[in-house]
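Just so you know, the protein sequences line up as chains R and E, in that order.
Heads up, the first sequence is in the numbering used here, so the first residue is 3 and it goes up one at a time.
Heads up, the second sequence is in the numbering used here, so the first residue is 3 and it goes up one at a time.
Any given hint might turn out to be false.
Which copy? The list can't say, so a pair holds if one copy fits it or any two copies do.
To be verified - DSS-like cross-link-like pairs, simulated, lysine-lysine; straight-line CA separation at most 30 angstroms:
#, residue 1, residue 2
1, K51, K75
2, K213, K51
3, K132, K213
4, K202, K75
5, K213, K116
6, K179, K51
7, K132, K174
8, K72, K174
9, K15, K213
10, K57, K75
11, K51, K85
12, K125, K85
13, K179, K132
14, K116, K72
15, K32, K85
16, K213, K202
17, K213, K72
18, K15, K58
Hint data in this document are derived by calculation from the structure and do not stem from the laboratory.
Source: prediction; values computed, not measured.
Protein chains: 2
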Amino acid sequence: MQLFYSQQISEGKILLDETESRHAISVLRKQKGDVLQVIDGKGGCYDAKITEANKKRALLSIQNQTSYPKSDKQLHLVLAPTKNIDRIEWLLEKAIEIGLSSIHFIQCERSERKQVNLERLEKIALAACKQSLTWHFPEIHAMQNLSSFLSEQASGDRFIAVCEEAEFLLQKTSEIKNEVWVMIGPEGDFSPREYEEARKAGWKGISLGDKRLRTETAALLAVAEINFIWQA
Amino acid sequence: MQLFYSQQISEGKILLDETESRHAISVLRKQKGDVLQVIDGKGGCYDAKITEANKKRALLSIQNQTSYPKSDKQLHLVLAPTKNIDRIEWLLEKAIEIGLSSIHFIQCERSERKQVNLERLEKIALAACKQSLTWHFPEIHAMQNLSSFLSEQASGDRFIAVCEEAEFLLQKTSEIKNEVWVMIGPEGDFSPREYEEARKAGWKGISLGDKRLRTETAALLAVAEINFIWQA
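Using the sequences and the hints given, assemble the complete structure.
Quick look at the structure:
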């Protein structure tokens, strides 16, 4: 199933933007009368017939609509991005395939990367959502200082992954809330001061086992395990 | 902790091969008298002092030895490699970090890739083992036809991941044996004939959930979940 994405859906009509129009009309040679599957990233999936096969602004008429309810489970990943951005892009794709509600980037004392290209990450996320049939798109948040992030309100279970001395192993946790936050530090780990600050803000230290995991592997393992606990 | 690898360890001496010698002596500027940590990939970790700082054949004298026992849990991944080999290289790195005993490549009817470069995969595996403190190296097996692979003896739980109509969800499985085999098909999935053949050979169909997962994501999710079940 080939999916298209649009944010401009109203009154029975769908307008595809330039990127999606080009893909449908120029690349895939779709024509007037062909039916496409279009998603809105908010749970809606539409069968829609092309009424104007414009290569820059294709117009479609909705024939059928399916609404996928939002899960009551919300997993938020909070991450100090790695120096090599490929690893983050890869992680984002995989985490979306497995199940993710939002990703937040933080800057820590030992962070080697000070910024992320949100536009590029949004594109990767869109492709991953289409590929994996993820009807509700995850939110991608701009980079923020750790202290500023911690000062904001957060509900649900909040876990901070640490390399040593964790309060508990995620593997031994059978009951978690429907809203879970997981924070993963930079390649050089959180500083003791940062860890203490997070603990004071209500984050619990967790270990992901006795292997030395790369940042993005730790993040993906946490995403897989939390989804697993919810489904088990 | 920086680790070096050697297969030539005997009578209290360790010889580093050209790659490892160059890295230690030329790149890291280690000198006679410096102590290195050397692993043998079979559970042994040695503290060894450099006695000959040769850039092609460094010689070390063992001062201390630690032996890590092999886990009683064995996870074998059987995989039809993707057209894009980057995805397999990435998967191998991550699966080793999380926990993997062996990987077997199979060729299926719908496989787009007919071969893998074992030498390159061995290098990636070695780097991942060093990085993640994996003391027992996983076995990497050459590509084999699916039928020929299925005709070989295999013990333990054997699961074949299918896109539809699985006998059970891996997520609902709380008890698994200490030896588990997981088979993941090519991008176009197993053919019905192949699936039937595997079923007859004693493999059970499993689903990894209702998301449409890429081959390498399905494989990594299975590795994460099986390790999780064992540890829970």
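### Message
One pair to classify: K32 and K85, alpha carbons no more than 30 angstroms apart. Within, between, both, or neither?
### Response
between (41 angstroms within a copy, 27 angstroms between copies)
### Up to 30 angstroms CA-CA - K72 versus K116, copy category
neither (33 angstroms within a copy, 41 angstroms between copies)
#### Entry: K51 and K75: within-copy, between-copy, both or neither at 30 angstroms Cα
neither (34 angstroms within a copy, 53 angstroms between copies)
### Query
Which holds for K179 with K132 at a C-alpha limit of 30 angstroms: within a copy, between copies, both or neither?
within (28 angstroms within a copy, 36 angstroms between copies)
### Message
Reference check for the pair K213 and K202, CA-CA at most 30 angstroms: within, between, both, or neither?
### Response
Cα proximity of K213 and K202: one copy only (27 angstroms, versus 37 angstroms across).
### Message
For K213 and K116, with the copy left unspecified, which applies at a CA distance of at most 30 angstroms: within, between, both, or neither?
### Response
within (27 angstroms within a copy, 33 angstroms between copies)
#### Entry: K15 and K58: within-copy, between-copy, both or neither at 30 angstroms Cα
within (16 angstroms within a copy, 69 angstroms between copies)
### Query
With identical chains treated as interchangeable, where does the CA-CA distance between K125 and K85 reach 30 angstroms or less: within a copy, between copies, both, or neither?
Both. Shortest intra-copy (20 angstroms) and inter-copy (22 angstroms) distances satisfy the 30 angstroms Cα cut-off.
#### Entry: Intra- versus inter-subunit Cα pairing at 30 angstroms for K72 with K174
both (28 angstroms within a copy, 22 angstroms between copies)
### Task
Since the copies are identical, ignore which copy is meant and state whether K132 and K174 lie within 30 angstroms (CA to CA) inside a copy, between copies, both or neither.
between (34 angstroms within a copy, 27 angstroms between copies)
#### Entry: Intra/inter-copy verdict for K179 and K51 if alpha-carbon distance must be at most 30 angstroms
neither (42 angstroms within a copy, 51 angstroms between copies)
### Query
When no copy is named, should K213 and K51 be tagged within, between, both, or neither for a Cα gap of at most 30 angstroms?
between (52 angstroms within a copy, 26 angstroms between copies)
In summary, the numbered hints that this structure violates are 1, 6, 10, 11, 14.
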